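Novice: Take a look at the letters that make up each chain.
There are 2 protein chains.
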Amino acid sequence: MQQNNSEVGSLEACLELDARDSLAHFRCHFELPEDTIYLDGNSLGALPKATSQRLSEVVQLEWGRDLISSWNKHGWWDAQKRLGDKVGRIIGAELGTVLVADSTSVNLFKVVAAALDLHPGKIIVSEQANFPTDLYMLEGLIRHMGRGHQLRLVNSPEDILAAIDSDVAVAVLTHVSYRTGRMLDMAAITAHAHARGALVVWDLAHSAGAVQLDLSGADVDFAVGCGYKFLNGGPGAPGFLYVAERLQDKVQQPLSGWFGHARPFAFEPSFEAAPGIQRFQCGTPPILSLTALEVGLDLILQAPQEAVRDKSVALGCLFKRLMEQECFEWGFRLASPPDASQRGSQICFAHPEGYAIMQVALIEKGVVGDFRSPDILRFGFAPLYVCYVDVWEAVQKLKLVMQERLWDQPRHRQRAAVT
Amino acid sequence: MQQNNSEVGSLEACLELDARDSLAHFRCHFELPEDTIYLDGNSLGALPKATSQRLSEVVQLEWGRDLISSWNKHGWWDAQKRLGDKVGRIIGAELGTVLVADSTSVNLFKVVAAALDLHPGKIIVSEQANFPTDLYMLEGLIRHMGRGHQLRLVNSPEDILAAIDSDVAVAVLTHVSYRTGRMLDMAAITAHAHARGALVVWDLAHSAGAVQLDLSGADVDFAVGCGYKFLNGGPGAPGFLYVAERLQDKVQQPLSGWFGHARPFAFEPSFEAAPGIQRFQCGTPPILSLTALEVGLDLILQAPQEAVRDKSVALGCLFKRLMEQECFEWGFRLASPPDASQRGSQICFAHPEGYAIMQVALIEKGVVGDFRSPDILRFGFAPLYVCYVDVWEAVQKLKLVMQERLWDQPRHRQRAAVT
Numbered sequence: 000m001q002q003n004n005s006e007v008g009s010l011e012a013c014l015e016l017d018a019r020d021s022l023a024h025f026r027c028h029f030e031l032p033e034d035t036i037y038l039d040g041n042s043l044g045a046l047p048k049a050t051s052q053r054l055s056e057v058v059q060l061e062w063g064r065d066l067i068s069s070w071n072k073h074g075w076w077d078a079q080k081r082l083g084d085k086v087g088r089i090i091g092a093e094l095g096t097v098l099v100a101d102s103t104s105v106n107l108f109k110v111v112a113a114a115l116d117l118h119p120g121k122i123i124v125s126e127q128a129n130f131p132t133d134l135y136m137l138e139g140l141i142r143h144m145g146r147g148h149q150l151r152l153v154n155s156p157e158d159i160l161a162a163i164d165s166d167v168a169v170a171v172l173t174h175v176s177y178r179t180g181r182m183l184d185m186a187a188i189t190a191h192a193h194a195r196g197a198l199v200v201w202d203l204a205h206s207a208g209a210v211q212l213d214l215s216g217a218d219v220d221f222a223v224g225c226g227y228k229f230l231n232g233g234p235g236a237p238g239f240l241y242v243a244e245r246l247q248d249k250v251q252q253p254l255s256g257w258f259g260h261a262r263p264f265a266f267e268p269s270f271e272a273a274p275g276i277q278r279f280q281c282g283t284p285p286i287l288s289l290t291a292l293e294v295g296l297d298l299i300l301q302a303p304q305e306a307v308r309d310k311s312v313a314l315g316c317l318f319k320r321l322m323e324q325e326c327f328e329w330g331f332r333l334a335s336p337p338d339a340s341q342r343g344s345q346i347c348f349a350h351p352e353g354y355a356i357m358q359v360a361l362i363e364k365g366v367v368g369d370f371r372s373p374d375i376l377r378f379g380f381a382p383l384y385v386c387y388v389d390v391w392e393a394v395q396k397l398k399l400v401m402q403e404r405l406w407d408q409p410r411h412r413q414r415a416a417v418t
Numbered sequence: 000m001q002q003n004n005s006e007v008g009s010l011e012a013c014l015e016l017d018a019r020d021s022l023a024h025f026r027c028h029f030e031l032p033e034d035t036i037y038l039d040g041n042s043l044g045a046l047p048k049a050t051s052q053r054l055s056e057v058v059q060l061e062w063g064r065d066l067i068s069s070w071n072k073h074g075w076w077d078a079q080k081r082l083g084d085k086v087g088r089i090i091g092a093e094l095g096t097v098l099v100a101d102s103t104s105v106n107l108f109k110v111v112a113a114a115l116d117l118h119p120g121k122i123i124v125s126e127q128a129n130f131p132t133d134l135y136m137l138e139g140l141i142r143h144m145g146r147g148h149q150l151r152l153v154n155s156p157e158d159i160l161a162a163i164d165s166d167v168a169v170a171v172l173t174h175v176s177y178r179t180g181r182m183l184d185m186a187a188i189t190a191h192a193h194a195r196g197a198l199v200v201w202d203l204a205h206s207a208g209a210v211q212l213d214l215s216g217a218d219v220d221f222a223v224g225c226g227y228k229f230l231n232g233g234p235g236a237p238g239f240l241y242v243a244e245r246l247q248d249k250v251q252q253p254l255s256g257w258f259g260h261a262r263p264f265a266f267e268p269s270f271e272a273a274p275g276i277q278r279f280q281c282g283t284p285p286i287l288s289l290t291a292l293e294v295g296l297d298l299i300l301q302a303p304q305e306a307v308r309d310k311s312v313a314l315g316c317l318f319k320r321l322m323e324q325e326c327f328e329w330g331f332r333l334a335s336p337p338d339a340s341q342r343g344s345q346i347c348f349a350h351p352e353g354y355a356i357m358q359v360a361l362i363e364k365g366v367v368g369d370f371r372s373p374d375i376l377r378f379g380f381a382p383l384y385v386c387y388v389d390v391w392e393a394v395q396k397l398k399l400v401m402q403e404r405l406w407d408q409p410r411h412r413q414r415a416a417v418t
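Which chain is which? The protein sequence lines are D and X, in order.
Each residue of the first sequence is one higher than the one before, counting from 0 in numbering that gives the first Met the number 0.
Each residue of the second sequence is one higher than the one before, counting from 0 in numbering that gives the first Met the number 0.
All clues given are correct.
With a straight-line cut-off of 27 Å between C-alpha atoms, the simulated DSS-like cross-links for lysine-lysine are:
id : chain 1 : residue 1 : chain 2 : residue 2
1  : X       : Lys364    : D       : Lys72
2  : X       : Lys72     : D       : Lys48
3  : X       : Lys72     : D       : Lys396
4  : D       : Lys72     : X       : Lys48
5  : D       : Lys121    : X       : Lys121
6  : X       : Lys85     : X       : Lys72
7  : X       : Lys48     : D       : Lys48
8  : D       : Lys364    : X       : Lys72
Read the hints as simulated data drawn from the structure, not as lab findings.
Since the model is a prediction, treat every value here as computed from it, not as a measurement.
Please build the complete structure, drawing on both the sequences and the hints.
Specialist: Laid out in structure tokens, this is it:
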């Protein structure tokens, strides 16, 4: 990645990397606040410059002028499928297998319920350290179904394969951990599960838009993901769900609202599921939030996913090297896998004073990362708008925070942030 | 309602009614297309003029500039409860009993599941002519719970009371029928159900913002409703749900996502429901769609609900009288209750050629109503932006359509529209 004479990790070397970056021009398509280095695109992606204008068109011309006729005239009716197909191109899924709908949590409920309908087993495998809402949704689902399903939670990613035995109905796994950035081997785990007759649901919240994915190639059964992180769809953007084509017409999902009906405008009194992925739609979708998400999707679709992943890895490796070089003397410990091929698009460090370092001092200095209890500092790299010099400056500022003990001050407690 | 010398139902009389209308000034707060008389605000409410500016602020200043910190700084975190309390003021519910969240369909699933948890009965009463998505959601819920619940569907509103006997767990009823505008007696049915130990879930989709409601006074258990009709929240705006304070801490709902957790940012591995209404939250909410809805709520909160209802009744009565006078010779039949006190904010007429009259001819003439299979022409009155002269003109144009048989032309089939 380095073909010049500047010292590796120097400001000059970073400037040269930016100058040679094939994705560098994407940065000008985002509104980024001055004086901020934003390394939290894995919580909330930055604002594409085109979003405001597009939203304004939809509000004024579609809603305001064409009113109810816009459901047909402006493609509102098909928006969930149209956006789904765009997400599909990003995650390596075939046309007609992805839908943008509801929230990630609601989508998880739908696809896990569908999976449990297909499989007589009673065991659901997941990780103790999975993103909590996934576990919470599983708890609610199990209690509500009342059919004696049980959660089998593993304590370490190394235990996942062994936990998926022939008693298992479905494994519900997050591809890239929100806490450590550790990335699981989607293809290997899916194949292992299939060999034992189990299904897998993948949560791609921290993967889509930052990591190369090939859902078709990995023969994935079900997946869900998030629109407001690396897809830059805006706060609380709708989530997505994927169902393999081979399963779609075999499954039903419990949230069988009218948008999932075969003939929604026939207003028939009983439910008949639409063919294909559309049976996973439920109620009327929030068009304004879908509009913003579509702008984010259209932008990321212009970037080759391979280049996105390469840059993400390079940014993460640079950050790690600079942290080791500049900051490890103050007691930071790498909390992500050391091997970049096992990381998503973030890198995490543990520090006993992590909360104050991040929430009191570093954000004050204009470097926005994230803190995750009990001691994790989390830095995310959105390759479309984070550059190499950002990484260099972020580590320099963290060094300054440590040198001057800027974190050792009265604390602002309980800053809420959304992963 | 008439205190002048103009002939009742004449253009002059309508002009005078508009001149005396205490809500007339609200019309200038909406963007309404010229040459359109919009009588479909019960499908999609019109665009408030303030929406674009407010959305632009949220996009540029909150998302774009303040990024992740906006969850606290700009009240995103509490938006569902804040908006819920605003809806509560519109529907006569106490603070802390209403939440804006998800879609109406998803909310129905949550509250019916919660109700069924409270009651050992197996019978769910509803109407065969209920809005289909409510029935579809009940079907999905019953199948998914697998506990032998059964739907008892009545064919006529007159049969509802008799159907709610002591075997019934919950009645799921729509307050104002989407098809006929018929309004049920919320207080009487709720009291009847309570006397037999049953619970009631009210769907207020066609009521909130147009009909005076007193959920507290009627001792309602649960309710849901829609943000994109008379609340003018924009296409697919999030829905709302209401849970009586006395029930909140006794119930759980199955969609137990992290926004419903007692301590969402503690990232605990198991679920503990938040106290109060917030346990009915699920995933991360769509902030941009919530933003537009809040503008609609703030606008309607400026109008006394009693005046809104009075004008709605007056518009409906005027429409009925003019239809009888000008158009009944062509075979229209009133499909709504003749008594205004039994109607919501719409009036419906049946005609064998209803589809073509509405979808081919009348909309072409600039009068936007709605058609509902098999033969219903539906006209909705949003009292904040529909005026008396609109009603007069709409009937004159319908008369012209009938006189000149403008509907009797090659048909544009299958216009999708959202109730």
